[in-house]
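These are the residues of each chain, in order.
4 protein chains.
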Amino acid sequence: MSQPVIIFDPSPRSRELIFSAEDWKRLNSLGRVISHEGAGRMDDALVDEYLPQASLIIGQTDLPAERLERAEPLRAIINVEGNFYPNVDYKIAFARGIRVLGIGPAFSLPVAEMALGMAIDAARGITRADRAFRAGREGYGKADNAGSFLLTGADMGFVGFGHLGRSLLPLLQPFRPTIRVFDPWVPPGALREHGLVPDSLEGVLSKSKVTFVLAGVTEENYGMIGAEQLALIPGGAAFLLMSRAPIVDWDAFLEASREGRFRAATDVFPQEPVSPDDPVRRHDHMILSAHRAGGIKEAFLRIGEMVADDAGLLLSGLPPARLQSAHPETVARLRSTPGQQHTTETK
Amino acid sequence: MSQPVIIFDPSPRSRELIFSAEDWKRLNSLGRVISHEGAGRMDDALVDEYLPQASLIIGQTDLPAERLERAEPLRAIINVEGNFYPNVDYKIAFARGIRVLGIGPAFSLPVAEMALGMAIDAARGITRADRAFRAGREGYGKADNAGSFLLTGADMGFVGFGHLGRSLLPLLQPFRPTIRVFDPWVPPGALREHGLVPDSLEGVLSKSKVTFVLAGVTEENYGMIGAEQLALIPGGAAFLLMSRAPIVDWDAFLEASREGRFRAATDVFPQEPVSPDDPVRRHDHMILSAHRAGGIKEAFLRIGEMVADDAGLLLSGLPPARLQSAHPETVARLRSTPGQQHTTETK
Amino acid sequence: MSQPVIIFDPSPRSRELIFSAEDWKRLNSLGRVISHEGAGRMDDALVDEYLPQASLIIGQTDLPAERLERAEPLRAIINVEGNFYPNVDYKIAFARGIRVLGIGPAFSLPVAEMALGMAIDAARGITRADRAFRAGREGYGKADNAGSFLLTGADMGFVGFGHLGRSLLPLLQPFRPTIRVFDPWVPPGALREHGLVPDSLEGVLSKSKVTFVLAGVTEENYGMIGAEQLALIPGGAAFLLMSRAPIVDWDAFLEASREGRFRAATDVFPQEPVSPDDPVRRHDHMILSAHRAGGIKEAFLRIGEMVADDAGLLLSGLPPARLQSAHPETVARLRSTPGQQHTTETK
Amino acid sequence: MSQPVIIFDPSPRSRELIFSAEDWKRLNSLGRVISHEGAGRMDDALVDEYLPQASLIIGQTDLPAERLERAEPLRAIINVEGNFYPNVDYKIAFARGIRVLGIGPAFSLPVAEMALGMAIDAARGITRADRAFRAGREGYGKADNAGSFLLTGADMGFVGFGHLGRSLLPLLQPFRPTIRVFDPWVPPGALREHGLVPDSLEGVLSKSKVTFVLAGVTEENYGMIGAEQLALIPGGAAFLLMSRAPIVDWDAFLEASREGRFRAATDVFPQEPVSPDDPVRRHDHMILSAHRAGGIKEAFLRIGEMVADDAGLLLSGLPPARLQSAHPETVARLRSTPGQQHTTETK
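Residue numbers (our numbering), protein chains in the order written: chain A, 1 to 347; chain B, 1 to 347; chain C, 1 to 347; chain D, 1 to 347.
Hints listed in this document are in silico derivations from the structure and should not be mistaken for laboratory results. Be aware that one or more of the hints could be misleading.
Same chains, same names: a pair is fine if it fits in one copy or spans any two.
What the hints assert, rightly or not - No more than 25 Å apart at the CA atoms, straight line, and that leaves these computed lysine-lysine pairs for DSS-like:
hint	residue 1	residue 2
1	K91	K207
2	K207	K25
3	K91	K297
4	K297	K142
5	K91	K142
6	K91	K25
7	K25	K297
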């Protein structure tokens with residue numbers, strides 16, 4: 001029997017970024033890997049040559065209906081970039097029983113650790129005090145601790161409870177917080193099972209000393225947190241934007257956080273790179289992070305490990321155990337915009 | 001029966017700093033509080049007048065042998081400043097069965113949370129990346145993440161395992177670290193009970209991806225971490241000085257951390273305030289914090305709560321439950337220097 | 001627009017068992033519920049009448065190809081019994097994009113708590129000592145504690161790491177165990193992410209002081225733990241059979257556990273009810289539980305809560321958030337036997 | 001310089017019970033150990049011979065004033081039996097600055113694990129169902145689960161929060177309980193720091209689904225839980241007596257628990273051994289344990305490890321780190337009765 005064919009077309013990722021030598025070897029032991037390396041997508045001719053034999057496609061190859069129809073043995077499309085773009089006919093893929101898999105979980109732990117670090121930073125003013133120190137304006141001890149607060153026992157809030165929230169939750173448990181959650185895709189009972197308190201967006205924002213924005217962007221939550229919502233954040237509270245910029249109305253966010261009424265942190269921006277003269281660069285009560293929360297070496301290499309693991313399972317006739325299955329119901333509702341293009345390469 | 005007399009002589013702390021209105025009321029309900037407020041210590045005349053009736057002394061009043069001999073009903077000396085100075089004849093106090101109590105635990109949780117925040121900051125470069133962003137030099141995503149690492153699964157080390165280490169330990173548990181500990185005052189079995197791995201100072205420094213210095217200063221550990229020890233820290237690891245500056249040889253520390261061979265953070269300095277032109281202000285791979293880790297409002301108010309609680313217990317003939325009992329064996333070995341004077345007011 | 005039709009055909013479950021009044025009301029608010037209550041399945045005529053309009057089928061209704069073909073708007077088949085029987089043409093369901101959902105998670109927490117209780121019981125001889133006490137043969141203190149051991153720090157093993165293992169894991173964390181896991185469906189990297197140590201079946205059995213059997217039955221693991229494997233269990237260790245009896249070779253298990261070489265507990269039996277003169281009833285070093293680990297009131301009512309929650313999501317065009325999606329790859333490999341029929345009603 | 005003298009007079013413990021070969025060797029490396037082995041206390045002549053040179057006394061040697069006065073270099077009296085009896089003049093010992101140390105912590109973890117095991121057993125009827133199974137009266141699945149409940153999310157209560165409560169607390173955390181505590185020796189703020197809710201005895205008993213009695217016996221709490229208090233326990237709740245029998249009015253306890261209005265467990269009895277015809281042996285809703293919770297091999301050996309560790313520290317001029325320091329305020333208020341004599345050997 002001939003060995004399975006695996007199309008590997010990872011751009012904009014590179015093989016070296018996401019595969020350790022060991023995991024790459026492991027993947028190659030599973031079948032014949034037709035690999036496109038270097039910039040851009042695999043040549044159409046090559047795709048079309050191997051498509052009829054391919055059991056797995058790893059990458060962001062265009063897969064319109066006519067291609068999927070020719071991909072008879074195809075079991076899974078494994079996106080290694082992070083967003084599901086409309087260059088795949090998902091409807092046909094699902095009808096054909098082809099798995100559509102994504103790498104979301106690879107970045108959730110790094111982002112969760114960063115979120116906790118930024119929460120403590122916001123609560124205690126670490127970044128701001130470090131800047132003051134370098135400028136010779138440091139205040140010692142209580143002199144520069146007005147408004148500093150403990151995480152232990154603080155009320156916290158999550159906007160969104162997907163895999164990112166699930167990674168963050170255990171890190172927060174030692175602080176014994178009450179955590180309120182707004183997520184219209186997760187029923188109250190599911191939240192309560194995790195010891196969380198279901199609430200509205202307004203409830204989360206107004207009652208939390210620390211709010212984490214952890215939701216992916218959908219058609220429904222675009223710009224959901226505007227001036228009116230931001231005004232609900234209590235004075236001195238912390239608001240951390242960890243997932244996607246389009247969830248907030250950016251102008252309103254800049255305006256509301258400018259004077260330091262609340263403490264803010266963001267890892268994402270509506271346009272990246274941020275313009276050199278963007279006023280956000282001077283926001284003294286905001287922690288600025290240039291889309292760095294997810295894209296660390298360990299996370300990228302975890303992609304390759306997960307892909308090799310699940311490729312092995314899928315080719316043995318087992319379900320995937322590590323990658324995230326896209327849902328037919330929502331794959332088309334998850335939204336990514338040109339402004340997010342950069343984002344998706346790194347997070 | 002006359003009510004107990006409580007001498008309250010908190011300088012350099014102030015009553016307002018450490019007592020909420022409620023806890024102050026509670027303390028006053030326990031006895032007659034002779035209170036000195038404002039700068040400096042209580043007048044000798046006032047001390048000497050009330051000493052023969054005092055059941056508790058809360059503060060840093062001079063208590064040489066001749067005073068202690070006159071303090072017949074005295075049950076406890078409650079230091080609210082943070083260090084045990086040689087202005088008390090501890091030997092006589094212990095021989096008399098007078099409790100000597102300190103407030104160490106009030107600051108251990110705030111310092112522990114800060115230590116975790118700084119550890120994540122060091123691992124991920126939060127503070128440094130924020131500075132770069134403000135200077136227009138930010139790198140997006142993986143571009144600025146060389147050397148960033150996860151806390152999850154990292155090997156960690158504690159230098160010292162007292163109440164600060166005990167507060168930090170549960171915050172680290174979700175990261176499932178192996179934690180090596182060097183503390184000559186804590187036997188190996190006691191460390192193993194906490195799931196910790198006993199090791200030498202050299203072992204801790206050389207095997208840890210994140211080392212937390214958490215020890216108080218004693219005669220034995222003064223300058224214990226010098227050039228030789230710092231050279232053991234692996235490249236790219238994080239070294240966080242959270243407790244007292246004299247534990248490191250400061251010049252060696254500055255030299256070793258200058259070029260960023262490892263990532264550093266410090267909350268303490270040998271001289272505070274730090275000189276305006278001290279080169280540490282330009283160390284790019286160090287997080288600088290001006291003795292801010294402990295002295296937050298919640299911690300100061302916790303002192304008053306603890307004092308009122310234990311005063312109540314002691315006056316009912318029960319042992320204290322919240323303050324830290326000084327040990328006859330070590331009270332004189334704990335060392336504080338003029339350079340630490342400032343420190344002790346805030347930490 | 002007409003409201004969605006929901007077919008409710010729960011036998012052998014009853015509505016009262018799995019639905020609180022509130023959740024039943026909630027389900028009925030989502031659409032028109034065509035409900036069959038009382039013994040047995042819904043009449044074919046009724047099924048056939050409503051099938052062409054049904055959006056959801058809750059229950060174990062026969063769904064061969066010809067029925068599925070007529071169920072045009074069907075979005076999900078929600079099994080509330082616990083096993084996926086071959087009375088549904090799963091292949092066609094998956095090809096049609098119909099979700100096949102199960103209730104596994106409803107019972108995992110009750111079984112996990114019971115597993116921990118039985119582990120402590122086995123380690124400490126609680127059940128056996130209670131019997132001795134009633135017979136007037138109790139030994140006080142150390143007199144009856146030979147071989148008793150602490151869970152804290154013990155090496156543990158899991159055979160299988162599905163939703164049951166995921167529920168048990170956090171309950172064991174305070175004991176700081178090393179946990180070895182054998183599960184051929186879960187890749188090593190996925191186990192390591194949970195802090196678990198991948199191992200072979202032999203490794204798990206031979207190195208664990210406490211082994212939990214937590215796997216569902218598949219074609220591959222039927223009778224997998226036989227005499228040879230049981231001989232690997234160290235003397236004095238505990239072996240707990242929490243999931244399904246057919247995973248062990250029952251005769252070998254009875255033989256190996258008869259003399260108390262290791263401590264055993266089982267919640268499942270190959271034939272239930274167990275014959276009155278079955279020798280297992282006299283095994284002194286075994287804890288006997290008549291399929292009681294899962295079937296508690298809270299768990300049954302959780303089924304209704306989960307069903308109402310996910311019905312709401314599915315009818316809003318969202319993916320389910322609480323029930324377990326069956327995998328096309330494995331739904332036909334999960335095995336249930338006549339002997340398990342009873343089982344499935346209660347667990 | 002002559003080496004320190006250590007008097008070792010462990011009866012009713014034996015050396016073999018509490019010291020591993022390794023720890024015994026370690027103790028002997030610290031000084032000259034004058035050891036009495038075999039039944040009964042050390043001969044008076046031997047005690048009197050070595051007393052003037054002894055730095056440590058390990059055991060329950062009579063130490064009235066006249067002996068203590070002759071024990072000039074004595075630093076610590078280390079009780080290895082578990083109760084502080086009035087055969088020591090504690091007042092003089094404390095005035096002399098002699099440490100009085102006990103082994104309480106050695107047993108707290110074994111008792112805590114047992115308490116959790118018994119709590120799950122009570123909640124799920126493990127012991128009772130096992131008995132029924134052996135009698136051929138088992139009910140399968142839900143048939144025998146009426147009243148079974150989950151620990152997860154249950155309200156719990158502690159009567160007493162000393163070292164036993166501190167060992168139990170982390171084991172309960174994964175169940176996310178609200179835990180109410182009654183302990184007049186621990187101020188509310190200290191409880192809140194642990195995430196506990198201070199309450200009255202009545203509050204704890206009436207609001208808890210699971211109540212753990214964890215307090216040592218004092219003059220104040222003798223018989224504190226009587227008929228009136230027991231009547232507050234909600235129907236179907238669990239009440240676990242883990243520490244000392246005299247805290248409950250035993251007749252009232254037997255009466256209240258006889259019909260199974262609540263689920264009970266006890267590890268302690270007012271008279272041990274229990275009379276052969278004591279009706280408690282027939283209480284069907286009680287788990288009976290003959291003072292087995294603490295006295296396991298690992299705990300006994302931990303005594304020796306703790307003693308060797310602290311002997312080393314004390315002889316180096318450091319404070320003890322593992323044994324429990326008796327408090328001058330309470331050592332005389334802790335009560336032990338002849339009926340507890342047996343108890344103290346094993347727990």
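Going down the list of hints, with the structure as the test:
no., hint, verdict
1, K91 <-> K207, "neither (41 Å within a copy, 48 Å between copies)"
2, K207 <-> K25, "neither (51 Å within a copy, 30 Å between copies)"
3, K91 <-> K297, "neither (34 Å within a copy, 40 Å between copies)"
4, K297 <-> K142, "between (38 Å within a copy, 8 Å between copies)"
5, K91 <-> K142, "neither (60 Å within a copy, 33 Å between copies)"
6, K91 <-> K25, "neither (33 Å within a copy, 34 Å between copies)"
7, K25 <-> K297, "within (19 Å within a copy, 50 Å between copies)"
The structure is inconsistent with the numbered hints 1, 2, 3, 5, 6, although it conforms to all the rest.
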